[in-house]
Amino acid sequence: MLLTVAPDPRDERIEELEDQVEDTQRRLQETQAQLIAELEKELQTAHEMQMALMPQHSPQIEGLEIAGRCIPANHGGLLLRWNY
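Take the sequence shown: its position 62, counted from the start at 1, is 62 in the working numbering, and no numbers get skipped.
Source of the hints: derived by calculation from the structure; they are not laboratory data.
Do not take every clue at face value.
Restraint-style ranges between C-beta atoms, simulated for each label pair [unchecked claim]:
id: 1; residue 1: 10; residue 2: 34; range: 34 to 40 Å
id: 2; residue 1: 4; residue 2: 31; range: 28 to 34 Å
id: 3; residue 1: 15; residue 2: 46; range: 44 to 50 Å
id: 4; residue 1: 67; residue 2: 44; range: 49 to 55 Å
id: 5; residue 1: 26; residue 2: 56; range: 47 to 53 Å
id: 6; residue 1: 34; residue 2: 11; range: 33 to 39 Å
id: 7; residue 1: 72; residue 2: 31; range: 27 to 33 Å
id: 8; residue 1: 55; residue 2: 31; range: 37 to 43 Å
Glycine included, each C-beta is placed from N, C-alpha and C at the ideal position.
Just need the whole structure built from these sequences, with the hints factored in.
Rendered as structure tokens:
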């Protein structure tokens, strides 16, 4: 005697839901990558703007020797220090 098992209709629904989850994960990863790229571009633009504002030469004051050093931060901001 051969027994056959009828397919469970829930199996098809589970497969549909799994496909939806995979699609949602893929879209989230794409969106995340796009947002990261936009943030990196904004940070680069901010860096370039800040560096353009930096003095090109040390101030010239008679009797003083002045040296400057700019230490850019990896993300946002920078430090400019004048040593007298």
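Evaluation of the provided hints:
no.: 1; hint: 10 to 34: 34 to 40 Å; in the structure: 36 Å, holds
no.: 2; hint: 4 to 31: 28 to 34 Å; in the structure: 46 Å, violated
no.: 3; hint: 15 to 46: 44 to 50 Å; in the structure: 47 Å, holds
no.: 4; hint: 67 to 44: 49 to 55 Å; in the structure: 28 Å, violated
no.: 5; hint: 26 to 56: 47 to 53 Å; in the structure: 48 Å, holds
no.: 6; hint: 34 to 11: 33 to 39 Å; in the structure: 35 Å, holds
no.: 7; hint: 72 to 31: 27 to 33 Å; in the structure: 29 Å, holds
no.: 8; hint: 55 to 31: 37 to 43 Å; in the structure: 41 Å, holds
The earlier numbered hints that this structure contradicts are 2, 4.
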